[in-house]
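> In the order they appear, the protein sequences are chains A and B.
The first sequence: position 150 = 150 (this note's numbering), numbered continuously.
The second sequence: position 27 = 27 (this note's numbering), numbered continuously.
It is worth saying that the hints were derived from the structure and are not from the lab.
It should be emphasised that the depicted structure is a prediction, and the values quoted were computed from it without experimental measurement.
All C-beta atoms in this analysis are idealised placements derived from N, C-alpha and C, irrespective of residue type, glycine included.
Hints may be right or wrong, so weigh each one.
Claimed, not checked - What the simulated footprint calls covered on chain B by chain A, stretch by stretch (three residues with Cβ under 8 Å from a Cβ of chain A suffice, anywhere in the stretch; the number is not a length): (1) 1-7; (2) 12-22; (3) 30-42.
Unchecked claim - When the alpha-carbon atoms are kept at most 27 Å apart in a straight line, the in silico DSSO-like pairs for lysine-lysine are as follows: (4) A/K79 / B/K2; (5) A/K141 / A/K171; (6) B/K50 / A/K79.
Said to hold, decoys possible - Facing chain B, according to a computed beta carbon distance under 8 Å, are these residues of chain A, among others: (7) G18; (8) T41; (9) V42; (10) W58; (11) K79; (12) R86; (13) A91; (14) V121; (15) L123; (16) L146; (17) Q207; (18) G212; (19) G214; (20) T239; (21) P243.
Here is what each chain is made of, one letter per residue.
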Amino acid sequence: MSSYEIGDRSFTSRLWVGSGKYSDFHVMHEAIEASGAEIVTVAIRRTDLNDDTKDGFWANFDREKCTILPNTAGCFDVKSAVTTARLGREATGSDFVKVEVIGDEKTLFPDNEGLLEACRVLLDDGFTVLPYCIDDPVVCKKLEDLGCHAVMPLAAPIGSGMGIRNPYNLKIIMEQSSIPVVVDAGVGTASDAAVAMELGSTAVLMQTAIAGAGDPVKMARAMRLGVEAGRIPMKLYATASSPLEGVIGS
Amino acid sequence: MKIQVNGEAREVESGATVADLLDSLGLEVNGLAVAVNMDIVRRGDYAAVKFSEGDEIEIVRAVGGG
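Please work from the sequences and hints to get the whole structure.
Here it is as structure tokens:
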């Protein structure tokens with residue numbers, strides 16, 4: 001597959017994956033490996049002062065192969081998102097950040113005003129800024145104009161598995177953007193991943209659809225193939241599958 | 001003096017530094033990040049930054065997330 005740039009780095013894999021919700025670290029590492037992902041998201045959380053034994057998370061993690069993408073999940077205001085991003089950079093050594101400023105607990109939809117402000121601050125601070133945003137072409141344009149390194153519009157609410165609810169908005173976003181567009185959140189199946197690629201996504205970011213599957217490692221492989229295979233463009237009328245020549249009686 | 005560490009009240013000696021706290025908690029510094037009153041403390045500054053009464057300290061790590 002062709003390569004593409006995010007910030008000052010070049011990538012080939014067009015499937016990005018999360019690292020949460022796995023039953024254990026072994027399954028997580030196997031699934032990440034099977035996905036072929038080169039970008040892996042992590043969350044930043046208080047360490048357990050009484051049981052600081054989270055090292056299994058990083059064991060077997062190929063930091064050479066995978067760029068760590070800390071997120072600001074759980075942040076509902078600009079200040080906590082910016083501080084979480086800075087803590088994430090310090091903890092992981094990665095200056096990539098998936099900026100989330102959440103505006104509503106039930107839908108986890110982003111707060112557009114807060115997101116724009118947080119991105120402005122983090123861009124000034126030298127981050128490679130990848131905002132999780134609503135599938136709104138106007139917001140995506142504003143994020144691009146700020147200097148964000150990609151936009152990551154949702155397909156559906158986080159963890160919902162509802163698939164691509166608004167392909168037409170996503171298509172507009174992809175047509176107008178001169179920065180990478182990564183479809184993030186809500187993708188449920190490998191066919192959704194294929195649709196996202198057909199629409200013109202640079203990449204697809206997934207977490208729950210893989211980690212929550214009956215067999216996460218197999219689903220990771222399926223998602224990888226869905227992204228790599230793509231699908232045919234949709235059209236209104238038929239194209240014959242069988243030869244047009246040699247039909248009897250013609 | 002009293003400080004808050006990850007939301008819990010803790011008692012530390014007057015003049016205690018970030019390095020002292022991490023040491024007393026037995027935390028592995030690798031992979032950690034620390035903020036005092038929401039300002040990040042760089043790893044190289046752990047031994048230099050001293051707490052004041054009532055400081056709010058956050059000690060975080062990367063965990064699985066999406």
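> The hint names A/V42 as touching chain B; please verify it with the least Cβ-Cβ distance against 8 Å.
holds, 4 Å
> For the stretch 30-42 of chain B, do three or more residues have a beta carbon lying closer than 8 Å to a beta carbon of chain A?
Satisfied; 8 residues make the cut.
> Are the Cα positions of A/K141 and A/K171 separated by 27 Å at most?
holds, 13 Å
> With 8 Å as the cut and Cβ atoms as the points, is A/T239 at the interface with chain B?
violated, 39 Å
> Does A/L123 hold up as a contact with chain B if the rule is Cβ-Cβ below 8 Å?
Status violated, d = 17 Å.
> Go through the hint on A/W58 and say holds or violated, using the shortest Cβ distance to chain B against 8 Å.
holds, 7 Å
> Quick one, is the A/L146 hint okay against chain B at 8 Å, beta carbons?
violated, 22 Å
> Using Cβ atoms only, decide whether A/V121 comes closer than 8 Å to chain B, and label the hint accordingly.
Since chain B brings no Cβ nearer than about 13 Å to A/V121, farther than 8 Å, the hint is violated.
> Count the residues of the stretch 12-22 of chain B whose Cβ falls closer than 8 Å to any Cβ of chain A, and tell me whether that reaches three.
Result for this restraint: violated, n = 0.
> B/K50 and A/K79 were given as a pair; does the straight-line alpha-carbon distance stay at or below 27 Å?
holds, 23 Å
> So, A/G214 near chain B? Judge it on the closest CB pair being under 8 Å.
violated, 18 Å
> Quick check: do three or more residues in the stretch 1-7 of chain B have a beta carbon closer than 8 Å to a beta carbon of chain A?
Per the Cβ count (3), the hint holds.
Violated hints for the displayed structure, listed by number in ascending order: 2, 14, 15, 16, 18, 19, 20, 21.
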